[in-house]
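One-letter residues, chain by chain:
2 protein chains.
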Amino acid sequence: MMNVIYLVPALGLIGLIVMAIKSAWVSKQDAGDKNMQELAGYIADGAMAFLKAEWKVLSIFVAFAAALLAYSGTIHEVNGKPIHSSWIISIAFIIGAVFSATAGYIGMRVATKANVRTTQAARTSLKQALKVSFTGGTVMGLGVAGLAILGLGGLFIVFLNIFADLGVDTVKTSIEVLTGFSLGAESIALFARVGGGIYTKAADVGADLVGKVEAGIPEDDVRNPATIADNVGDNVGDVAGMGADLFGSYVATILATMVLGQEIDASGDQFGGMSPILLPMLICGLGIVFSIIGTWFVTIKDDKSSVQNALNLGNWASMAITVVASYFIVMWMLPESLSMRGYNFTSLNVFYAILVGTIVGAIMSIVTEYYTAMGKAPVLSIIQQSSTGHATNIIGGLSVGMKSTVIPILTLAAGIMASYYFAGLYGVAIAAAGMMATTAMQLAIDAFGPIADNAGGIAEMSQLPPEVRERTDNLDAVGNTTAATGKGFAIASAALTSLALFAAFVGIAGIDAINIYKANVLAGLFVGGMIPFIFSALCIQAVGKAAMDMVQEVRRQFREIPGIMEYKAKPEYEKCVAISTKASIREMMLPGAIALITPLIVGFAFGPEVLGGLLAGVTVSGVLMGIFQSNAGGAWDNAKKSFEKGVMINGEMFYKKSEPHKASVTGDTVGDPFKDTSGPSMNILIKLMSIVSLVIAPYIAVEGGMTSEQGMKMNGAQMECCGDMMSTNSGMDMGKCDMSLCKTMSKEECAAYCDSVGCSAEEKEMCQSMYGADGKFDEAKCKEMCKTKMGSSCMEGCDKGCKTAEECAKSCGDACVKSHATKM
Amino acid sequence: MMNVIYLVPALGLIGLIVMAIKSAWVSKQDAGDKNMQELAGYIADGAMAFLKAEWKVLSIFVAFAAALLAYSGTIHEVNGKPIHSSWIISIAFIIGAVFSATAGYIGMRVATKANVRTTQAARTSLKQALKVSFTGGTVMGLGVAGLAILGLGGLFIVFLNIFADLGVDTVKTSIEVLTGFSLGAESIALFARVGGGIYTKAADVGADLVGKVEAGIPEDDVRNPATIADNVGDNVGDVAGMGADLFGSYVATILATMVLGQEIDASGDQFGGMSPILLPMLICGLGIVFSIIGTWFVTIKDDKSSVQNALNLGNWASMAITVVASYFIVMWMLPESLSMRGYNFTSLNVFYAILVGTIVGAIMSIVTEYYTAMGKAPVLSIIQQSSTGHATNIIGGLSVGMKSTVIPILTLAAGIMASYYFAGLYGVAIAAAGMMATTAMQLAIDAFGPIADNAGGIAEMSQLPPEVRERTDNLDAVGNTTAATGKGFAIASAALTSLALFAAFVGIAGIDAINIYKANVLAGLFVGGMIPFIFSALCIQAVGKAAMDMVQEVRRQFREIPGIMEYKAKPEYEKCVAISTKASIREMMLPGAIALITPLIVGFAFGPEVLGGLLAGVTVSGVLMGIFQSNAGGAWDNAKKSFEKGVMINGEMFYKKSEPHKASVTGDTVGDPFKDTSGPSMNILIKLMSIVSLVIAPYIAVEGGMTSEQGMKMNGAQMECCGDMMSTNSGMDMGKCDMSLCKTMSKEECAAYCDSVGCSAEEKEMCQSMYGADGKFDEAKCKEMCKTKMGSSCMEGCDKGCKTAEECAKSCGDACVKSHATKM
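So the protein lines, in turn, are chains A and B. The opening position of the first sequence corresponds to residue 136 in the numbering used here, with each subsequent residue numbered one higher. The opening position of the second sequence corresponds to residue 136 in the numbering used here, with each subsequent residue numbered one higher.
Treat the hints with care, since some could be wrong.
Cross-link-like lysine-lysine pairs, in silico, DSSO-like; alpha carbons within 27 Å at most [stated by the list, open to error]:
id, chain 1, residue 1, chain 2, residue 2
1, B, Lys791, A, Lys347
2, A, Lys791, B, Lys187
3, B, Lys791, A, Lys792
4, B, Lys703, A, Lys792
The set of hints was computed from the structure by calculation and includes no laboratory data.
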């Protein structure tokens, strides 16, 4: 049955093969006339130029970080505690980084092909245009999910083989090394998201401010020098950035579930006790297949059909299939009863947790759609407030954004409590994994938006007939809503994933609580809460600064290059592309550094509990700021878009160019960095900081603390005796000797182990005395010793040192004896 | 030496007497010509009308809440645990509410007198105008601080007498009943701040949008129908609202310190062990006197002198005197060594904690000033970004606000850690109290701003010569900065106070940790973090809505009343006043209800630990949102003001009415509700929710939990034996019998107590056996029993039931014996 482990990378491969087929299909489509191809060429070149510039900088970072990780992998002991790591973590890190970059690259390449082909298809019908753009999105989705599953599943098999001779530590070490993969992926995701987000919004805001507002030419006008940069931005930000982002999220979620899965005692399964580890990978791998099935539903009959409905159908279909399939997978793989950190649950409960995750994800999507969709109360209220000027429009948008946090947070809180109730911390993690299983489909829907946006841009720039632009606008409008719901989904999964990572961190760092009532932990919570604020400020400010540079450059070109406005001279597109590229690379450094370095400083200077407080602060504040900014931005955007068809305010109709419309453009411009730069970066920020903390956890584990495995055992309410003995709080302290490890070793191995960690002679002897004549660890003996040596040997108040029930009866009476019976 | 307790209300009285003298002086000043007096009359009437309408609503709330509290006071036992409360808490609550309202009223009355008199004084010189306006502010400051100290000190004496026959519970019950005073004060503060904040900004935004932007008439033009409402707003929001706010903060801070102070064992002092309780009251009481001294420094030579410097001098002087005096008071009152929850510290360390608090307050003020002052980098960056339009101005302001959280949060975190390091949780609380000691001075500086603002308005409306307006503008500009620094101060003290309240809550609720690693506590943290967002959204939205009503009304008057623009007809001021009044009363309900009811729901439904998580979330997110919003608003305001004298952007000068100026007006308008409605409400929100939690803590204390006193003893690392015995986690459980209470009783009292709480016969007997032949509690006997009965009787790993060192030596060896010596 262990063959199921090979199924995982195979599923990833299937995704990649389907992707290749779909990608080839897109390439084969008609790319339109020479003019269109030229414009598309500019966009593709600009996007490639940005990716190259970004990769250059990131490769330095990756090399540096990999060296650091390789060094850390050579440390095998900190404060006398063994650390299960290896220099191979640096290889995993590099692979994660490369895969993440590749995922972005695949998406961007197909997007820059699909855009012009969508324009061309839109000349014939909406149905065809949807097909091309959505297939482009599907390539991206399958590429990301396929690479993630292939990478995780493949590396896990490789690591299991590499560390096969570590015996009991094989799985543990494999998973710890695998965190490097996730760290690599998430690091690249952060830079790609922030860099791409700054790029796209600097170009967008800059192009709009001079083009639309000052020069009075339409969006995507070929005369605007910044228009190519704007379209490049859609590809590097909304496609490549988002691809890397969701790649990172997806990997982190699965990994967090695996880390917690290894703590579960599932020895009754048919997978060598590894079923809880394999489960998330398998569900997400099959999710790829179900996403492919879902894409079949995304088709329309004619130009009058609803694109949104088609996408919804595909999305709900793949989610429904995944949920149903999860039931059978869970019931097949997991043993009926499981236990983690003292929390008991059944396999059915694990399924319920997955169900909870899916429901949370669905509610988050629906709520996000409500707060950002045209025609709904929140957007209407912003439109209403646009009538009294720019300021009231802004006030309206800010308050909509803030209000939109309420239901998602309550849903999330309920989801955390419910999934924990069903299956403990593993339940929280698997809920997130279940939610993320259809990432391929989610991403296909997400990525189709910017492709359609680009297609519209090319149509405008090529001065194609209005019905073409109308069709691409139809797709684009739907794309705006799907982008918003996708963000809701991403932030929900990030919150659940962080909690899972958080739980894993606590175990490895050897603490059994993060008590915010302690002054320094509370201080950590404050500092953590502040990080999303400074991170957002830096992103927003970067967009503002870069946009101003862009404005100056566009103004200069209008001034210095005569004939642009009369179509007689070509603007210098590449100069604007260069400005965005340079600015985004430069400005992504500081926020990225804050995310990476803060946990290091806090962890090493103040220890794991304060770091835990920091993480909690980052998570809570990051989720709130993410929802607030994404939704405010989305609502402003659609409030502005509503003016295109005209809106009624106090009985009067207003259209584009009216005063209220101008106010709504202000809101949209403010919302741009909110919804595409800082807002969506929040979920990466949260996860990246959690992963960094997880990676450094063994090195900052508390003095005399526990290893991960012990920590987990210690946390539960029902502690096993032989684990209990090691507790630093209990009556006896075994010092460095870890009986719960010996339990899994032979007598000789245990002796060697005791020597290696520096146990005293007494400690070693006690450990050795636990072995029976056959050289096997005698659990009964261990428990007996616990009974006699621990304070818990008698009932409360009766401790007169009795070692057996008989003795107890003599010294303490019958009540005590009864207690012996019930307690042991 | 106990007479010192009478000194406290006496100091409050001194403050009130000086206030009365200063108030009489203000009244005696020349109130100007008939026209000015008429305008001032409108303002005073409008303000009074609002207060009356507000009080009407609040009196219903107070009556209802008081009834609930009185009922709760009759519950003497929950889950078998005794609760130390009394129906008298409802009286304390009512007095707190009335005092808080009175504080606001005093401020508003003097402000509506001082405004016109400042205008009149400004006709002669800046020096005189400063004197009148600052004296007006001083009346407010002294009124608030005097009432607070008189109320706290006086009620404490009364309660000590009322509960004198409770023996050991006298102090405890007195302080618990005193929390009602703080609850009343803080409740009124919330409504006053939110209601007043909505009022003032609805009027301000509404008046600006139609008057300045649409009709093109100056601010405070007599033709604008909303101008009176705008000026009323300054009085009900910035004066009455702020007065109630700081009254609440001040009381909460002192009370939190008293609650923690009662846990300190200070039996070596000359005040019957009550020195840690009296200390915060005494320091704050003397702070009133030092504030009076500080006001002497606030004077200028002529029109060219710097008003800011004069205010700074007064402020720093009173702070310096307070710090120096604190040293002597602390050294005189406190015994040299103290201990709380196992944390040992010296009296000198308590002084250091006060010093930390003062430094934190000073840094917060300086940072706030930096981020909001004209001519500094942040405001200049917003001006710069105004050149590219409304949107970039908004982006600039938002990012300045977010960035401005960094240093305050790091300062706060360091302050929490440092003050805890010096004197444990008491240190954190006393740091806040030290910071708040010069509240009278702070408030004088704060309240002088709106008086000057009003004076300017009256000058404008009465069409007085430009030099008069220039003088009042000079004062107003300084007032803007002091308002911002005052908010920094308030939020810092709120954060520290909340932590202190938090600590008190933990003790009373019988939990010894708030572990965010638990799923439901984390869920509480999320929900708590969300509260400031929805609260802010509701406040901002209320301002937006009410401002729109105002705009419609002003437009209607311009349209329907001919001759307004030609000064031929008088606008209907009272209609605008009525709109603001109605809107603010209506809109303050929901946010107020959220603040009051959320802790009740969470506490009773999910228990104290989840409520603790909620409080932590509210505190962190509230502090961040408070700083963010207040500073963004302040920076926008001064960016706009900078245009009055002209600003240089990219080498070009811009003045009022230029495009960048218009953009800056948008920012200012957005910032108005940020800085005067939602931002400053955050600190009340935080504290009110903490106080509500503290009040309900005994009723939601965990099953088998501890009483406050025990809880505190249990928390420390070095637990006292006779307290330790009661721990539910320790080897023996005394059930309902609380040995640490018996310790303070006679044998008979203890027997009666055991019966009253329902101890079993064995439990009672054990308690009785602790008394010596003389009928006195024998602590040595108790400790001996602890040694023999508790798991801690031997060193870790040696527990073989030895009762004496000799026995131990026999069974366990010398190492164990040594442990006996060091441990007991």
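Which numbered conditions among the earlier hints are violated in the structure presented, ordered from lowest to highest?
Per hint list: 2 and 4 violated.
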